[in-house]
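Participant: Chain residues, written in single-letter form:
Number of protein chains: 2
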Amino acid sequence: MHYKLTFIGFGNVAQALAQLLLRKRWELQERYDITFSVTGISTGSHGIAVNPNGISVNAAFEVLHSNRSLDLLTGGPIPTRALEFLERSEADVMFENTPVHHDTGQPAIDHCRMALDLGMHAITANKGTVVHGYRKLTELARAKNKKFLFESTVLGGSPLFSVFREAMPAAELASFEGILNSTTNIMLSRMARGESFDKAVAYCQNIGVAETDPSNDVDGWDAAIKVAALVTVLMDTPFTPQQVERMGIREITPEMIEQAKARNERWKLVCRAEKVEDTVKASVKPELVPMSSPLYGMEDSTSGVAFRTDVLGDYSIIESEREGIVAGPIPTAYGLFADFVNAAKGG
Amino acid sequence: MHYKLTFIGFGNVAQALAQLLLRKRWELQERYDITFSVTGISTGSHGIAVNPNGISVNAAFEVLHSNRSLDLLTGGPIPTRALEFLERSEADVMFENTPVHHDTGQPAIDHCRMALDLGMHAITANKGTVVHGYRKLTELARAKNKKFLFESTVLGGSPLFSVFREAMPAAELASFEGILNSTTNIMLSRMARGESFDKAVAYCQNIGVAETDPSNDVDGWDAAIKVAALVTVLMDTPFTPQQVERMGIREITPEMIEQAKARNERWKLVCRAEKVEDTVKASVKPELVPMSSPLYGMEDSTSGVAFRTDVLGDYSIIESEREGIVAGPIPTAYGLFADFVNAAKGG
Chain A
1 MHYKLTFIGF GNVAQALAQL LLRKRWELQE RYDITFSVTG ISTGSHGIAV
51 NPNGISVNAA FEVLHSNRSL DLLTGGPIPT RALEFLERSE ADVMFENTPV
101 HHDTGQPAID HCRMALDLGM HAITANKGTV VHGYRKLTEL ARAKNKKFLF
151 ESTVLGGSPL FSVFREAMPA AELASFEGIL NSTTNIMLSR MARGESFDKA
201 VAYCQNIGVA ETDPSNDVDG WDAAIKVAAL VTVLMDTPFT PQQVERMGIR
251 EITPEMIEQA KARNERWKLV CRAEKVEDTV KASVKPELVP MSSPLYGMED
301 STSGVAFRTD VLGDYSIIES EREGIVAGPI PTAYGLFADF VNAAKGG
Chain B
348 MHYKLTFIGF GNVAQALAQL LLRKRWELQE RYDITFSVTG ISTGSHGIAV
398 NPNGISVNAA FEVLHSNRSL DLLTGGPIPT RALEFLERSE ADVMFENTPV
448 HHDTGQPAID HCRMALDLGM HAITANKGTV VHGYRKLTEL ARAKNKKFLF
498 ESTVLGGSPL FSVFREAMPA AELASFEGIL NSTTNIMLSR MARGESFDKA
548 VAYCQNIGVA ETDPSNDVDG WDAAIKVAAL VTVLMDTPFT PQQVERMGIR
598 EITPEMIEQA KARNERWKLV CRAEKVEDTV KASVKPELVP MSSPLYGMED
648 STSGVAFRTD VLGDYSIIES EREGIVAGPI PTAYGLFADF VNAAKGG
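The listed protein sequences correspond, in order, to chains A and B.
Residue numbering for the first sequence follows my numbering, starting at 1 and increasing by one per position.
Residue numbering for the second sequence follows my numbering, starting at 348 and increasing by one per position.
To be clear, the hints were calculated from the coordinates, so they are not data collected in a lab.
Any given hint could be a false lead.
Below 30 Å or equal to it, Euclidean Cα-Cα: the simulated DSS-like pairs (lysine-lysine) are [claimed, not checked]:
hint, chain 1, residue 1, chain 2, residue 2
1, A, Lys4, B, Lys692
2, A, Lys345, A, Lys144
3, B, Lys632, A, Lys345
4, B, Lys351, B, Lys692
5, A, Lys285, A, Lys199
6, B, Lys351, B, Lys546
7, B, Lys608, A, Lys345
8, B, Lys692, A, Lys136
9, B, Lys608, A, Lys275
10, A, Lys4, A, Lys199
11, A, Lys261, B, Lys608
12, B, Lys546, A, Lys345
13, B, Lys608, B, Lys546
14, B, Lys622, B, Lys632
15, B, Lys692, A, Lys275
16, B, Lys483, B, Lys692
17, B, Lys692, A, Lys144
18, A, Lys345, B, Lys622
19, A, Lys199, A, Lys261
Can you build the whole structure from these sequences, using the hints too?
Facilitator: Rendered as structure tokens:
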């Protein structure tokens with residue numbers, strides 16, 4: 001079947017997705033009977049390309065690389081609003097990757113709602129859409145017989161939500177523990193090797209994983225948002241980041257780290273959630289992790305979660321960055337790609 | 348939709364599966380629109396129950412617990428051959444869990460073939476069927492528009508094959524490394540704590556995870572069979588356990604273990620496979636694992652695999668046994684259960 005794809009937001013991740021789609025074009029056709037064309041690309045500062053008959057992705061990349069506007073590729077007037085853009089694209093699938101307000105999940109939630117209303121699958125890497133819009137968007141998707149999917153919001157594109165959805169039918173999640181914010185994990189790993197907190201923060205800012213104001217990571221907000229997303233979806237219990245008991249890593253001193261080392265333990269920013277009856281308790285806080293814990297070995301940018309269900313032994317999923325071919329935005333782009341294939345398969 | 352289920356082999360795992368199906372009956376109906384009845388149970392030494400109108404599973408358990416023959420529950424003559432049994436059951440799904448010859452995969456392969464020929468899904472926990480029959484059974488299943496599934500053959504029921512099949516579309520597996528035989532891992536963990544090889548073997552025999560002749564585990568055969576299964580399925584390359592370079596753990600001395608400890612390393616029976624162009628190289632052998640490796644923390648009965656693909660960072664799946672509710676055959680039974688739901692969903 002042929003799918004028309006449209007992109008709202010076309011930064012690093014969305015561009016990597018477009019390239020991945022081109023690279024996997026043959027496999028999509030052979031293995032999944034999927035062909036596609038791109039009918040819309042909406043950027044923040046480089047214009048809008050929209051054409052229901054298809055846009056050349058390579059032409060779009062050329063325009064962007066020469067710092068011109070994508071408006072060049074649009075026949076007729078340029079849409080001025082998201083709804084008009086989506087309608088004009090006549091797409092079957094919308095990929096939403098705009099900058100998001102963590103407090104509200106906007107404008108990503110509105111984009112997803114419009115796309116679903118127009119009968120498109122809505123696929124996003126925006127955590128805010130899950131935390132603030134999961135129930136409503138999922139209900140709307142079901143009513144429209146479409147999918148609202150968001151694999152890339154936690155563990156950066158590695159299969160996690162789809163593992164529960166597709167591979168663990170009827171399993172009940174009782175609790176989980178994990179490391180979900182790799183920025184603080186890099187900091188703690190470096191501090192355990194003798195670096196000061198300030199230097200570790202500067203390092204993370206330098207390699208681009210922490211922002212100028214690092215509080216979103218350092219104070220545990222990013223981890224709390226991910227915990228809220230996991231609880232909301234996998235424990236089927238609406239949960240906000242504010243409901244997560246939260247403590248960041250600012251209080252961890254070199255002395256504490258030395259003491260931990262002497263006992264063969266490590267400080268980790270540990271995420272936890274547990275469901276008892278219909279109540280969920282969740283926390284993000286620094287914990288002393290012993291060598292026997294699966295979290296002990298998750299160093300630097302490695303992250304992962306151990307899940308406890310009613311049907312299996314503890315089941316852990318761990319994602320480790322690696323140098324070379326697969327780095328930067330590619331894994332996140334792959335999560336969006338996998339969501340697209342699953343939506344197409346009706347999974 | 349209603350499914351008639353039949354069991355060939357009704358030992359611990361199949362019995363746990365029957366109980367799990369009863370326990371999850373409501374969820375199957377609510378979430379997946381699946382209802383079921385059991386129409387056949389064939390045991391090695393406790394007779395055969397077959398009735399296309401349904402057998403009471405509770406009655407079957409009562410008969411077995413009082414050490415009587417299931418023949419009691421069969422109206423009319425007792426089938427004398429597997430094919431006759433399967434035909435009489437009129438089932439939609441066959442669960443195959445008989446004792447298997449590792450050299451040939453029989454009689455499990457024949458049972459799967461017959462079931463598929465009769466238009467049933469074939470689901471098994473038998474590794475031999477995958478190593479010796481994967482291609483033919485998969486082709487037959489495809490021709491019949493049915494499924495041949497085997498989640499429980501590696502990592503004891505934890506999602507692995509289905510993660511690749513359902514959650515990682517179009518990913519190419521380049522290599523993997525892992526610990527796939529938990530018996531030798533228990534032995535090595537105990538030896539690292541000072542126990543002799545002979546005592547560690549005796550311990551494993553005592554708790555029922557090693558056989559009287561422990562060579563299947565100790566010499567790496569079980570691990571090699573699992574490696575061959577993973578290569579055959581996930582790298583789409585037919586591979587036999589004999590093609591796996593194989594060395595067991597008999598040569599590991601207390602001195603070697605002490606030396607490793609002094610360097611913060613551990614001996615592990617490591618499974619590896621790598622695909623270069625169209626050629627796969629695979630091995631099972633003791634390796635010194637440094638603390639930085641994800642395999643280092645997999646102690647005792649924990650097992651797991653790290654996968655390297657063209658689209659993600661290293662993605663690891665780890666399974667840890669745990670005390671309490673979920674133990675013994677339940678995880679393996681859950682793998683069969685999940686296969687059933689996936690087959691029903693057409694996944």
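Participant: Determine for every hint whether it applies to the structure shown.
Facilitator: Status of each hint after checking the structure:
1. A:Lys4 with B:Lys692: Roughly 26 Å between the alpha carbons, so the hint for Lys4 of chain A and Lys692 of chain B holds.
2. A:Lys345 with A:Lys144: With a Cα-Cα distance of about 16 Å, the restraint between Lys345 of chain A and Lys144 of chain A holds, given a limit of 30 Å.
3. B:Lys632 with A:Lys345: At roughly 40 Å apart (the allowed maximum being 30 Å), Lys345 of chain A and Lys632 of chain B break the hint.
4. B:Lys351 with B:Lys692: holds, 15 Å
5. A:Lys285 with A:Lys199: Holds, at about 21 Å.
6. B:Lys351 with B:Lys546: violated, 47 Å
7. B:Lys608 with A:Lys345: violated, 50 Å
8. B:Lys692 with A:Lys136: holds, 25 Å
9. B:Lys608 with A:Lys275: At roughly 39 Å apart (the allowed maximum being 30 Å), Lys275 of chain A and Lys608 of chain B break the hint.
10. A:Lys4 with A:Lys199: Violated, because 47 Å separates the two Cα atoms, which is more than 30 Å.
11. A:Lys261 with B:Lys608: Holds. Lys261 of chain A to Lys608 of chain B sits at ~17 Å (cutoff 30 Å).
12. B:Lys546 with A:Lys345: violated, 52 Å
13. B:Lys608 with B:Lys546: With Cα atoms ~20 Å apart, Lys608 of chain B and Lys546 of chain B stay inside 30 Å; holds.
14. B:Lys622 with B:Lys632: With Cα atoms ~18 Å apart, Lys622 of chain B and Lys632 of chain B stay inside 30 Å; holds.
15. B:Lys692 with A:Lys275: Answer holds: Lys692 of chain B to Lys275 of chain A is near 28 Å, not above 30 Å.
16. B:Lys483 with B:Lys692: Judged against 30 Å, a Cα distance of about 23 Å means the pair holds.
17. B:Lys692 with A:Lys144: holds, 20 Å
18. A:Lys345 with B:Lys622: holds, 28 Å
19. A:Lys199 with A:Lys261: holds, 20 Å
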